[in-house]
Amino acid sequence: MAGWAIAVHGGAGVDPNLPAERQEQAKQLLTSVLNLGIRALKSSASAINVVELVVRELESDPLFNSGRGSVLTEDGAVEMEASIMDGSGRQCGAVSGLTTVKNPISLARLVMDKSPHSYLAFSGAEKFAKEMGVEMVDNEYFITQDNVEMLKLAKEANSIVFDYRIPKAGYEPCSTVVQSPIHMNGLPIHIYAPETVGCVVVDSEGRCAAATSTGGLLNKRTGRIGDSPLIGAGTYACELCAVSCTGEGEAIIRSTLAREVGAVMEYKGLGLQEAVDFVIKERLDEGKAGLIAVSKTGEVAYGFNCVGMFRGCATQNGFMEVGIWD
Amino acid sequence: MSQEVLDTLNILGKMGWAIALHGGAGDIPINIPAERREPREASLRRILQIGVSALNAKSSALDVVELVVRELENCPHFNAGKGSVLTSNGTVEMEACIMDGSSKQCGAVSGVTTVVNPISLARRIMEKTPHIYLAFDGAEAFAREQGLEIVDKNHFITPENIERLKQAKEANRVQQDYTQPIKLENQNVPDGDSKLGTVGCVAVDNLGNLAAATSTGGLVNKMVGRIGDTPIIGAGTYANKFCAVSATGRGEAIIRETVARDVAAVMEYKGLGLKEAAAYIVDQVAPKGTTGLVAVSPTGEVTMPFNTTGMFRACATEDGFMEVAIW
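Protein sequence lines, in the order shown, are assigned to chains A and B. Under the working numbering, the first residue of the first sequence carries the number 330, and numbering increases by one thereafter. Under the working numbering, the first residue of the second sequence carries the number -15, and numbering increases by one thereafter.
It is possible that some hints are incorrect.
Unchecked claim - Label-pair ranges, simulated between beta-carbon atoms:
no. : chain 1 : residue 1 : chain 2 : residue 2 : range
1   : B       : Arg30     : A       : Asn468    : 17 to 25 Å
2   : B       : Asp136    : A       : Met461    : 29 to 37 Å
3   : B       : Asp136    : A       : Glu615    : 37 to 45 Å
4   : A       : Glu568    : B       : Ser37     : 41 to 49 Å
5   : A       : Pro348    : B       : Glu129    : 35 to 43 Å
6   : A       : Asp655    : B       : Asp136    : 54 to 62 Å
7   : A       : Gly405    : B       : Glu129    : 13 to 21 Å
8   : B       : Gly131    : A       : Asp404    : 20 to 28 Å
9   : A       : Glu615    : B       : Thr142    : 39 to 47 Å
10  : B       : Lys153    : A       : Asn346    : 55 to 63 Å
11  : B       : Glu(-12)  : A       : Glu603    : 19 to 27 Å
No lab work stands behind these hints: they were computed from the structure. Glycine included, every Cβ here is placed at the ideal spot set by N, Cα and C.
Required output: the full structure, derived from the provided sequences and hints.
Here's what the structure looks like:
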């Protein structure tokens, strides 16, 4: 009997100059949420419950770009989106344009379970949240000083096209940093905030589920929807596998990245790792992204074609790994 | 057919153009009154001709699908643009999506309330922003920035749809677009996301380029803020080098089955031809009563399968074949 497996991510596209202390913080958080998921799996929680539980934890922690700690829109506010999919039956739920819902992934779950629809957005989603009695907070709750600084840098970077010398806020205020040639989604990598957190799980019954949540693209115009709430793009789960993606949202949408893993497994008969490798290598064209995936037979895999992806994975036979780089 | 053969045929200009469009799939009763059937058939015929003329004038597939969907949006008989169904608040909230098969560029929009042609807004997002998808206030603001035609919200509302909403509220359920008087014992529609009625167009031009476009008012009596399959790339709309697809039917089913993407995936990964691939998805994968689609291939083939009672549709190919049908 194939066992359970779990993978989590905190976003792809990481600054290669990220200070060691921040890398350590990230790995600690990934380890802690992974352990939370593992404990739940050991007590026979279902995949769909585990992915929601783990992503809630990631949303509540301000470290990654989701829930509290989300990046800011061009107006300096937080606008979040999320989606969740249950591989057995392929029910799904998604939300966009949230500004006061403490845990977007839980609202996505409620859309799936308690509404006649699959996807709610903006004021309609907020109204549904009130009706459901989920925890609501002021938009300020989500905003961190780090992200206020990052927005400033992003706005400056947008007015300078190629050559710039900008001090890294929060690291060494007096130093200047040589221009990084690496860009993600139009931003220099040291300003870019990896988009999304996610979790994929296969439980001990072989059921797969996926969940993804994000504050979206730093300095985005209000109303911009990325891949995270789009089933088939940022999130997908079926009988064979579950996938959560992160990276350049537009590239992920265009390549229907999450569905692609499932499609090549189903239609080409590829195994999980083969499918992940194929999709990352062949389906992204110029785009930069990463993903985590599990299969119903208890395998776990990840892949990314950009600089770094915050991730962790574990399987029932005791394997566990947390990493950032290649 | 292998990619190499396809490319060669394209270079040789052996491909004819083809176009297919739909006005929504659903439980369209055979005994639909003439005064409801005829205007729709006539509109399909007229709008098909507009697309055909554009293709004959060597317009690109992308221009053609936008043009045709604009016409369908402007026509009050279909659930898109003017003639859109109403939300539970009695308002109109439109969404649309467009995709260019050669580049896989795409644009999508949701929560549009004052823009006369949502499909054109979707195209503008694709071409003038680094993004794919804008919604609600952000989409409306962008439309104004771009100088797109804006009207009063009431422009889109028709008496037919006010009546539909009233019926749906009386039945206290979310309703399909094309329904007879409600017969509770005849429900093949579970409470849930029953979205029927959309408009869409797919085309391949004389250069073998593919494009797809879909537009809708969504689901009668839907919750404010509800998004369906139409603006979700891979669900209701998709185009790449293998085919262009626009789907219609029950939104939730189309989303979870990634209908539009899967038609192309099955062609690419299993080597099926267009008709086979589309039939496979509609007959074997999508649950009965939920899905219809129109699709074209780079070699000028057209297919319009559906597993609902009917689908308002029309198609034409360069060799003179033409069809307008409902069942």
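Consistency of beta-carbon spacing, Met461 of chain A to Asp136 of chain B, with hint 29 to 37 Å: holds, 33 Å
Pairwise beta carbon distance, Glu568 of chain A to Ser37 of chain B, judged against the given window 41 to 49 Å: Given about 47 Å between the Cβ atoms, the range holds.
Verdict for Asp655 of chain A, Asp136 of chain B (Cβ pair) under range 54 to 62 Å: Once the Cβ atoms are compared, 56 Å apart, the range 54 to 62 Å for Asp136 of chain B and Asp655 of chain A holds.
Range hint compliance [Cβ, Glu615 of chain A to Thr142 of chain B, 39 to 47 Å]: Given a distance of about 44 Å, which is inside 39 to 47 Å, the answer is holds.
Status of the given 19 to 27 Å range, CB of Glu603 of chain A versus CB of Glu(-12) of chain B: At roughly 24 Å between Cβ atoms, Glu603 of chain A and Glu(-12) of chain B fall inside 19 to 27 Å, so the hint holds.
Cβ distance range 17 to 25 Å for Arg30 of chain B and Asn468 of chain A, holds or violated: violated, 49 Å
Gly405 of chain A paired with Glu129 of chain B, Cβ distance criterion 13 to 21 Å: holds, 20 Å
Asp136 of chain B paired with Glu615 of chain A, Cβ distance criterion 37 to 45 Å: holds, 42 Å
Pro348 of chain A paired with Glu129 of chain B, Cβ distance criterion 35 to 43 Å: holds, 39 Å
Gly131 of chain B paired with Asp404 of chain A, Cβ distance criterion 20 to 28 Å: Because 22 Å falls inside the window, the suggested range holds.
Cβ distance range 55 to 63 Å for Lys153 of chain B and Asn346 of chain A, holds or violated: At roughly 58 Å between Cβ atoms, Asn346 of chain A and Lys153 of chain B fall inside 55 to 63 Å, so the hint holds.
In summary, the structure is inconsistent with hint 1 from the numbered list given earlier, while agreeing with all the others.
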